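Protein sequence lines, in the order shown, are assigned to chains A and B. Every number in the working numbering is 472 more than the matching position in the first sequence, counting from 1. Every number in the working numbering is 13 more than the matching position in the second sequence, counting from 1.
Hint data in this document are derived by calculation from the structure and do not stem from the laboratory. Treat the numbers as computed from the prediction; the structure is a model and nothing was measured. Every residue, glycine too, gets a C-beta built ideally from N, C-alpha and C. Among the clues, some could well be false.
Said to hold, decoys possible - Chain B side only, calculated, beta carbon under 7 Å to chain A, not exhaustive:
1) Leu-89
2) Ala-131
3) Gln-137
4) Ala-165
5) Gln-231
Stated by the list, open to error - Looking from chain B toward chain A, a few residues come up when the C-beta cut is under 7 Å (computed):
6) Val-83
7) Gly-123
8) Val-127
9) His-128
10) Trp-352
11) Gly-371
12) Tyr-400
13) Arg-492
14) Ala-499
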Amino acid sequence: MLEFMGLGSLDDLWSAVPEALRLAHGLDLAPGASEFDVLADMEAMAGRNRRAGPDLVCFAGGGAYDHEVPAAVRSLAFRSEFVTAYTPYQPEVAQGVLQALFEYQTLLCRLSGVEVANASLYDGASACVEAVNLAVTAAGRPTVWVSEGVHPNWREVVRTFAAGTGHDLVTLPLRGGVTALPDDVLPDDESPGAPAAILVQHPNYLGCLEDLTAAARLARSRGAMLLVAFDPVAAGLLRSPGAYGADVVVGEGQPFGTPLSLGGPYLGLFACRLEHVRRLPGRLVGETVDTEGRRAYVTTLRTREQDIRREKASSNVCTNQTLIAVCCAIQLSWLGTTGLRELALRCARATRYTREALLALDGVVPIAEAPVLREFAVRTPIPAEVVVERMAEQGFLAGIALGDEYGEGLLVAVTERRTRAEIDAYAAAFEKVLA
Amino acid sequence: MSAPGGRASSAPVMGRDEEPTVFELSVPDRRAWSFRATDLPEWDAADLVPTEHLDPEPTPLAEVSERDLVAHFTRLTHRQYSVDLGAYPLGSCTMKYNPKLCDDAASLPGLTDVHPAAPAALTQGWMELLADLADILCRITGMHAATLQPPAGAAGELTGLLLMRAWHTHRGQTRTKVVIPDSAHGTNPASVTLGGYQTVTVPSDRRGCVDLAALREQLDDDVAGIMLTNPNTLGLFEEDIAAIARAVHDVGGLLYYDGANLNAILGVTRPGDMGFDIVHMNLHKTFAVPHGGGGPGAGPVAVSERLAPFLPGPLPVAGDDGTYRWQTPELSIGRVHSWHGNALALARAYAYILANGGDGLRRVAEAAVLNANWLRHRLRGVYDIPYDRPNMHECVVSAANLKKRAGVRAVDVAKRLLEEGFHAPTVYFPLTIDEALMIEPTETESPQTLEALAAALERIARESASDVHDAPRTTPVSRVDEARAARSLIPTWDAREPRH
Numbered sequence: 473m474l475e476f477m478g479l480g481s482l483d484d485l486w487s488a489v490p491e492a493l494r495l496a497h498g499l500d501l502a503p504g505a506s507e508f509d510v511l512a513d514m515e516a517m518a519g520r521n522r523r524a525g526p527d528l529v530c531f532a533g534g535g536a537y538d539h540e541v542p543a544a545v546r547s548l549a550f551r552s553e554f555v556t557a558y559t560p561y562q563p564e565v566a567q568g569v570l571q572a573l574f575e576y577q578t579l580l581c582r583l584s585g586v587e588v589a590n591a592s593l594y595d596g597a598s599a600c601v602e603a604v605n606l607a608v609t610a611a612g613r614p615t616v617w618v619s620e621g622v623h624p625n626w627r628e629v630v631r632t633f634a635a636g637t638g639h640d641l642v643t644l645p646l647r648g649g650v651t652a653l654p655d656d657v658l659p660d661d662e663s664p665g666a667p668a669a670i671l672v673q674h675p676n677y678l679g680c681l682e683d684l685t686a687a688a689r690l691a692r693s694r695g696a697m698l699l700v701a702f703d704p705v706a707a708g709l710l711r712s713p714g715a716y717g718a719d720v721v722v723g724e725g726q727p728f729g730t731p732l733s734l735g736g737p738y739l740g741l742f743a744c745r746l747e748h749v750r751r752l753p754g755r756l757v758g759e760t761v762d763t764e765g766r767r768a769y770v771t772t773l774r775t776r777e778q779d780i781r782r783e784k785a786s787s788n789v790c791t792n793q794t795l796i797a798v799c800c801a802i803q804l805s806w807l808g809t810t811g812l813r814e815l816a817l818r819c820a821r822a823t824r825y826t827r828e829a830l831l832a833l834d835g836v837v838p839i840a841e842a843p844v845l846r847e848f849a850v851r852t853p854i855p856a857e858v859v860v861e862r863m864a865e866q867g868f869l870a871g872i873a874l875g876d877e878y879g880e881g882l883l884v885a886v887t888e889r890r891t892r893a894e895i896d897a898y899a900a901a902f903e904k905v906l907a
Numbered sequence: 014m015s016a017p018g019g020r021a022s023s024a025p026v027m028g029r030d031e032e033p034t035v036f037e038l039s040v041p042d043r044r045a046w047s048f049r050a051t052d053l054p055e056w057d058a059a060d061l062v063p064t065e066h067l068d069p070e071p072t073p074l075a076e077v078s079e080r081d082l083v084a085h086f087t088r089l090t091h092r093q094y095s096v097d098l099g100a101y102p103l104g105s106c107t108m109k110y111n112p113k114l115c116d117d118a119a120s121l122p123g124l125t126d127v128h129p130a131a132p133a134a135l136t137q138g139w140m141e142l143l144a145d146l147a148d149i150l151c152r153i154t155g156m157h158a159a160t161l162q163p164p165a166g167a168a169g170e171l172t173g174l175l176l177m178r179a180w181h182t183h184r185g186q187t188r189t190k191v192v193i194p195d196s197a198h199g200t201n202p203a204s205v206t207l208g209g210y211q212t213v214t215v216p217s218d219r220r221g222c223v224d225l226a227a228l229r230e231q232l233d234d235d236v237a238g239i240m241l242t243n244p245n246t247l248g249l250f251e252e253d254i255a256a257i258a259r260a261v262h263d264v265g266g267l268l269y270y271d272g273a274n275l276n277a278i279l280g281v282t283r284p285g286d287m288g289f290d291i292v293h294m295n296l297h298k299t300f301a302v303p304h305g306g307g308g309p310g311a312g313p314v315a316v317s318e319r320l321a322p323f324l325p326g327p328l329p330v331a332g333d334d335g336t337y338r339w340q341t342p343e344l345s346i347g348r349v350h351s352w353h354g355n356a357l358a359l360a361r362a363y364a365y366i367l368a369n370g371g372d373g374l375r376r377v378a379e380a381a382v383l384n385a386n387w388l389r390h391r392l393r394g395v396y397d398i399p400y401d402r403p404n405m406h407e408c409v410v411s412a413a414n415l416k417k418r419a420g421v422r423a424v425d426v427a428k429r430l431l432e433e434g435f436h437a438p439t440v441y442f443p444l445t446i447d448e449a450l451m452i453e454p455t456e457t458e459s460p461q462t463l464e465a466l467a468a469a470l471e472r473i474a475r476e477s478a479s480d481v482h483d484a485p486r487t488t489p490v491s492r493v494d495e496a497r498a499a500r501s502l503i504p505t506w507d508a509r510e511p512r513h
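One chain only, chain A, in its complex shape (with noise of 0.2 Å):
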């Protein structure tokens, strides 16, 4: 070959290369290794985890949760052809990436009552990032107001963001754990002007129920859209956020077939009412016909993307998680109509079930009393910190020690995993550490 191209040796490939800026003794990086060598190293780093099931009977969840992920799942979401595709570029040749994504944006738009959804974003936090983007370049104002309800991490992530495009974030605090909604009492002593849009999780971070039927009527009441944060998975009891009146609908996709795998990759939700389509982050996947007349699916309205608006676009989103989604479109069709209304049912009491077994304990108090269906949070009579800590010992991840902005306390998750003989035994452990 490089005969071919009049070249002498490898080196002259680097032609252009100053030579004042050529690695003279190449990377200090250890010499390759075998595969065997490799995984033979990892497994061994990865033995230093300890892993929910057989280390820890898992009770966290906070946005991360313990779900079943069966064999049909892993194993079609494992073919290569999704797996190891580019972005459907030329859609004669990525039929089965679009209409996969097609089916997954016709569930999720099911699941949250709007009527598009995006071919998915990166996870939660990203979601919301984008919601706010949406509502503040619709409306023109910089106002947006945050539920302290929604996951801290994710509104961390809004607020790093939020330098960049210089959004004003007000904080809507908790009260009984739910949002306090500014009909009963302003953030702050100031007002803080005309919000874009109003951002509440539901349920919350504390697993409470919100009460999107009031949030809606202050959104409307200022002229501003609504932005829910969903549970895909309470979504299988729970009115949908877009029955409610929910402009934009975000949430993480991760209990729908992915691991918890240390926190991705996960899955961003985004749906949103059809007349936001021209603002839409990410890619959309329509339908449409080939030549011949035959049905076919192709990214569309790509002139919202930035490969295409450049500076003007209001997201830079190209890369997504598709793999995930399309992961997620599996298992929710692996659970159907009658599975995914079974599934939150069984979160539900589950939750029921370990919720009755701590409060039972000595000093086990609810942070709030507000209805909650997978999720609650309790205080404790020693740190939660400590809680978490002894409970590994004992086999289980407790669940989350809360940050001081809840007040100490410890977030408890249960799925459909759990059995009662592992409640009870969790129950057990929970009281002997408190002892």
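Please arrange chain B on chain A, whose structure you already have, making use of the hints.
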């Protein structure tokens, strides 16, 4: 010569019928699901949740058996091109083969079954992996510290711009402009806007590189920095990079390295040595994380020492006893991800880097650049080559003359190439080249595959408009009506056939 390994025109197809949607396959009360026996009380929904919150009707989804579910999605995979099937010379996307080792590494139960909010004492293995990967990425790029949180390249860009902003703000400066070249990816200007800056576009010179004189005129103390891809999107190395860096630093600006094309320089030169202050990497390009049909990727950002205090946190940090803890840098811009980034994608890249080692990564760059230069030579005289001089990992050719002579456009070449059993190159980018075809063969395609690809491109260049306008004819669908999709939007199955 042996047969090419990267050509997929033999891929079997059972027919060219439409695949029904999962909703059309649905039959009431058919199901695939099952759950563990839990022995818990079987409370009704109304016992558990106040009725005003309950949806009286279950959300209608598809109702299919596991058998029909598996068959449906398997048939969809048969309508999908992928790297595992054949060559994917999509310029700027670095569609290299993804070693199967990385699948196994990312499936280790000790990595997948770990809750992100578990205390550090329970996740020491992950923290070690992430800290080691960050260190390795710094060695590869010549930087000081890194965050692994950004989940994609564009997220990395925006993180980098927010770091730039935090740096200037901390020094009491308000700057409003960021310079990008006219050949930049679209995510660059979009990220600049979201970072709160205005884009200033610097033109390319006759050699396809940044016009240094024009840049010098644009630089002043209102410029926060410059975003560059090097090699640039024409596949050309910015030879004046040292002078560019000096000029930007002289006005107090920072240099941002868009790592989209890092594959070309692995082990050869490093952004840190060129003078860059902030670097993002696309692990889904350079480090073989598969693209998943459009993600998940990973876009870590590495910075020089003076910017390290601003990195997103928390970062895994080793104590004297070798125990890792999470620590947030003192001037952190804050989190940019719900948790710690696309962790399993990071584990894949880690496996890839360990398997290659420092020596192997250098060979990756050599083969990538060798292959792209060979293609440029091979296609000389077949297509126009706007910048016919040594390129790096990709070469940009033009169908402008083909269009003039025979009415064959870049898009026609792309569609015809699909029939030849190859994925198409990137077309109509960079925007500075008329009828551009941007070809990035990557290091993993063999000489046999490269020759077959070149021969196919050569055949197509000899064809007339009437030969190519019907292409592709051998694919699951023929040319797709994109205008109709936008004109009469059908974003869901329900928009097509309303349920109510």
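Now for the hints, and whether the structure bears them out:
For B/Leu-89, the suggested interface contact is upheld, since its CB lies about 4 Å from the closest CB of chain A, less than 7 Å. Hint status for B/Ala-131: holds, given a least beta-carbon distance of 6 Å to chain A, under 7 Å. The beta carbon of B/Gln-137 comes within 5 Å of a beta carbon in chain A, closer than 7 Å, and the hint placing it at the interface holds. Interface hint status for B/Ala-165: upheld, as the beta-carbon distance to the closest one in chain A is roughly 4 Å, under 7 Å.
Annotation: B/Gln-231 was flagged as interfacial toward chain A, and the flag is violated, the nearest CB pair being 15 Å apart, outside 7 Å. About 6 Å separates the beta-carbon of B/Val-83 from the nearest beta-carbon of chain A, less than 7 Å, and the hint is met. Against a cut-off of 7 Å between C-beta atoms, the interface hint on B/Gly-123 holds, since the closest Cβ of chain A lies about 3 Å away. The beta carbon of B/Val-127 is positioned within 7 Å of a beta carbon in chain A (closest approach about 5 Å), and the interface hint is therefore held.
Residue-level restraint check for B/His-128 holds (minimum Cβ-Cβ distance to chain A is 5 Å; threshold 7 Å). Checking B/Trp-352 against chain A by beta carbon gives a least distance of about 2 Å; that is within 7 Å, so the hint holds. The interface hint given for B/Gly-371 is met, as the beta carbon of that residue sits about 3 Å from the closest beta carbon of chain A, less than 7 Å. For B/Tyr-400, the suggested interface contact is broken, since its CB lies about 11 Å from the closest CB of chain A, more than 7 Å.
The closest approach between the C-beta of B/Arg-492 and any C-beta of chain A is roughly 5 Å, which is under the 7 Å cut-off, so the hint is satisfied. Interface hint status for B/Ala-499: upheld, as the beta-carbon distance to the closest one in chain A is roughly 5 Å, under 7 Å.
Checked against the numbered hints above, the structure breaks hints 5, 12 and satisfies the rest.
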